[in-house]
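Trainee: Protein chains in written order, with our numbering: chain L, 1 to 332; chain D, 1 to 395; chain S, 1 to 87.
Calculated directly from the structure, the hints in this document are not laboratory data.
Predicted model only: the values in this text are computed from it and were never measured.
Keep in mind that the hints are not guaranteed to be accurate.
Where chain L lies over chain S, by a calculated footprint (3+ residues, C-beta under 8 Å) [unchecked claim]:
1) 18-25
2) 29-35
Okay, derived cross-link-like pairs now, SDA-like style, lysine to any residue, Cα gap no bigger than 25 Å in a straight line [as the list claims (entries may be wrong)]:
3) Lys-211/L / Lys-277/D
4) Lys-119/D / Ala-177/L
5) Lys-230/L / Arg-55/S
6) Lys-65/S / Leu-38/D
7) Lys-46/D / Arg-55/S
8) Lys-230/L / Lys-62/D
9) Lys-101/L / Glu-116/D
10) Lys-230/L / Ser-123/D
11) Lys-65/S / Gln-83/S
12) Lys-124/D / Gly-178/L
13) Lys-119/D / Asp-96/L
14) Lys-24/S / Asn-40/L
15) Lys-65/S / Tyr-202/D
16) Lys-277/D / Glu-322/L
17) Lys-119/D / Asn-172/L
18) Lys-87/S / Ser-98/L
19) Lys-89/L / Ala-44/D
20) Lys-89/L / Phe-23/S
21) Lys-101/L / Lys-46/D
22) Lys-69/S / Arg-150/D
23) Lys-101/L / Glu-66/S
24) Lys-217/D / Ser-43/S
25) Lys-182/L / Ser-123/D
26) Lys-221/L / Asn-99/D
27) Lys-217/D / Glu-296/D
28) Lys-89/L / Asn-19/S
29) Lys-101/L / Leu-38/D
30) Lys-69/S / Lys-230/L
For each residue, glycine too, the CB sits at the ideal point set by N, CA and C.
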Amino acid sequence: MSMFYIHQTVCVSAQKTNGVINLDDIQPINDNKLQAIEPNYDDIPPAMYRRMGRAVRLASGAALPLLNTLTFNGIVIGTANGGLEDCIKFLNQIVDYSEGKLTPTNFVQSTTNAIASQLAFFSANKGYNNTHVHRGLAFENAALDVAMMLNEFPDNSYLLGGVDEISAYQYNIESLAGSYKKESIASADLYTSKTTGSIPGDGCTMFAVSKQKVGAAAKLKAIGTIHTNKVEEVTQYMNHFVTKNLGSDTINLFLSGENGDNRHLPYYTACKNIVPNVAVERFKHLCGEYATASSFALWLACYKIKTSNLKNVLIYNNFRGEQHSFMLVENA
Amino acid sequence: MSRIFVTGIGIISPLGDTLSLNHTALKQGVCGISTLQLIHSNFAGKLPVGEIKTETNTLKEKLKVKETGYTRNSLLALHAFMDAINDSKLSNEEITSHNTALIGANSVGGMCLTDELYKDANSKSQGSEYLSSYDGGSVTLAIQQRYSMRGIINTINTACSSSANSIMYGARLIQNGLATRAIVGGSDSLAKYTINGFNSLYILSDEICRPFDSERKGLNLAEGAAFLVLESEETIGNKKAYAELTGYCNANDAFHPSSISENADGPFLAMQGALQKANLQPNQIDFINTHGTATENNDEAESKAMLRLFEKVPAFASTKSNIGHTLGAAGAIEAVYSILNLTEQEVYQSLNYKNPIQTIGLVPVTAYTKLPINHVLSNSFGFGGNCSSLIFSKA
Amino acid sequence: MEKATLKQQLKEQIIQFLNLTTFKPEDIKDDQPLFGEGLGLDSIDSLELIALLDRIYGIKINDPKEGRKILVDVNTMVAYIQQHRTK
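Next comes chain L alone, as it looks inside the complex (with noise of 0.2 Å):
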């Protein structure tokens, strides 16, 4: 199945991505985290701003620019714990009132779909809305969810986002599991590192995409995904990916996802062993773990397709070492 081009991006992260994009100032690890920076909040009405949770505010400050100037025939995000803040704030007031008259801007804000939602609304968007929740892979079945609509719609477009924040709750309930760095690192020993747990980060990057080729700045060419904790299942199904969408082509770039966690540091060697001449980079140094951390990563490979001439890149990312999924960008 065909899958879309990309056309105009916005990504938000702990990077200077967003306006002036500047990847050779790399953001450090700070405080063992990597928070977005937050966009410009010129463009949303104070009367919303006010009740925003923080990936609603991200996700519209990143979507403002694009929704202002092109018209979508519909809004599709991937988020596994928008809007879990909010979540917190409303449970704590149940303990704190017992549950008297609570208020219910957190509860309304706490619904993940609350963000396509407010995206909807900004841009009196009538048109497809969904809201994709499943964890590691929330962003890619948002991806393949807009391109089977444009398989029954050709002519449309639809505004993809991929966002999930660090909030002080969400932090430690993952803390608790033991998905983060207890020890302090830096940036540059991330991927060095022999012991468990990555560092959080957050972002939202959206995507403006159709079947429309001219002026496109990449092609997402397909998306595979598998859930599975076994290594071996993980190679098999990445064979089957490449040799169905590469064939004989060669790949230019395998930007993987490696988190700096050595329980997952497995998967990503084997898949790395199966295109051993091929350039490597990694990005979770820019972008931090979440669970919609592919959205960071499609964008970083359309931003080297265009500024390295490259022809292809392959984007393969796990989240727990339980949810895989492989991405093939190409130059349009």
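With chain L held as given, fit chains D and S onto it using these hints.
Mentor: Okay, now just chains D and S, sitting in the frame of chain L:
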């Protein structure tokens, strides 16, 4: 594009834990709404809800779940999933195939464990067994892991339209050649979180809900789950099909976070789009399973949308009058009920109705009736203006 | 409590409760309509203000429609608070 058929159904609701029990209860006009019992809350003993009167531990034992981290939501989903795959007689090879998709939906995730979540999120604990069970994806992942599923797996959360959207997504996967079969549906369990959330919006009724009635006061929250097995005409073989999914559409009202606009553009566009997809005229719809939550806003708005679209509004009812509003599970549960309209050629009484909405004048089905039914439209309209409509047709 | 003090306090509380970060108390006129054209609040804000009245002043309003009759502007809110407060 491939035709999509429903070959398996699993459902658990306040009307019972089998399709047969649900059918009998609907026929008899049973109301499964009762007083909240199983949750420790100030609302217990007071609030009318559609509660499944099976304790979580009992569900766990029944389903032989020994793994940690299973929430009530996951258990309800698993219950319905197991019945659906058995009903469709799927083999282990088929379930684990790369060509079998699993698309779940829910709005509560693991937040039914309100107390554990509070402690874990506020670092007041060493970490409960549920640390990875709070997000929406955890419910679908629990099933994926148990059955070692290797195809496309996904979870959708668009509030009250979630499982209607998961049904659509699964159908699309088949029609785009990304899956040969899709097990689709949704679940939600009652939770202190949602009870308090809806209460803060003043849309809960302190009485049993009365969809489309002039004196309606709001909705009753409920819990349940339903999964359907979707297969294409190419792979269905000799299997009996319950119904065909002929139309579907999602549109957005783009008006307000928790209410529908006066013109009801979202509902209108969703229903119209589903008809277009099914290549049907409005007058070919024999029955509408409405969203019908019994809130002041929804029932009036939905009625207006129906009047805009249909020259003569067909027979309609709200099964939320039988079970309440199951949130993320509603789309799938009501899809099952719509399929019963088709397989049994009958419609069920919309309960607790006395008088029409004054400015509207529409009257729902008021008694169990045998009726020739070829096409049923099922609506699910969620928070954030997310509106979805499905059309099922006689197979 | 003196009316003027209560008005000032209420304005600060409204700003805080509704997170009106771009407003200062002096920006809210006593007779400026809270909803519609004036301050531009919406139905969710009205529910927030009902919660404010309960939490800070111990006033219980169970019907949001009745609540809107009280939540017209700062003047009407203050008058109601002075009459019905239990805290």
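Trainee: Hinted pair, alpha-carbon criterion (25 Å max): Lys-65/S, Gln-83/S. Please report holds or violated.
Mentor: Answer holds: Lys-65/S to Gln-83/S is near 19 Å, not above 25 Å.
Trainee: Would you mind confirming whether the straight-line C-alpha gap from Lys-119/D to Asp-96/L stays at or under 25 Å?
Mentor: 13 Å, holds
Trainee: Assess, step by step, whether the Cα of Lys-65/S is no farther than 25 Å from the Cα of Tyr-202/D, and give holds or violated.
Mentor: 10 Å, holds
Trainee: Holds or violated: Lys-46/D and Arg-55/S, Cα atoms, limit 25 Å.
Mentor: Given that 25 Å is the threshold and the Cα spacing comes to 23 Å, the pair holds.
Trainee: Can you confirm whether the C-alpha distance between Lys-119/D and Asn-172/L stays at or below 25 Å?
Mentor: 10 Å, holds
Trainee: Compare the distance between the alpha carbons of Lys-24/S and Asn-40/L with 25 Å, and conclude whether the hinted pair is satisfied.
Mentor: Given that 25 Å is the threshold and the Cα spacing comes to 22 Å, the pair holds.
Trainee: Would you mind confirming whether the straight-line C-alpha gap from Lys-89/L to Phe-23/S stays at or under 25 Å?
Mentor: Holds, at about 23 Å.
Trainee: Can the restraint linking Lys-182/L and Ser-123/D be considered satisfied, given a maximum Cα separation of 25 Å?
Mentor: Since the Cα atoms of Lys-182/L and Ser-123/D sit roughly 15 Å apart, the hinted pair holds (cutoff 25 Å).
Trainee: Is Lys-87/S close enough to Ser-98/L, meaning Cα to Cα at most 25 Å?
Mentor: Roughly 18 Å between the alpha carbons, so the hint for Lys-87/S and Ser-98/L holds.
Trainee: Need the status of pair Lys-69/S, Arg-150/D: alpha-carbon distance at most 25 Å?
Mentor: 58 Å, violated
Trainee: Checking one constraint from the list: CA of Lys-101/L to CA of Leu-38/D, max 25 Å. Satisfied?
Mentor: 22 Å, holds
Trainee: Straight-line Cα separation of Lys-89/L and Asn-19/S no greater than 25 Å?
Mentor: Holds, because 14 Å separates the two Cα atoms, which is no more than 25 Å.
Hint check: violations occur at hints 2, 5, 6, 8, 10, 16, 22, 30; the rest are consistent with the structure.
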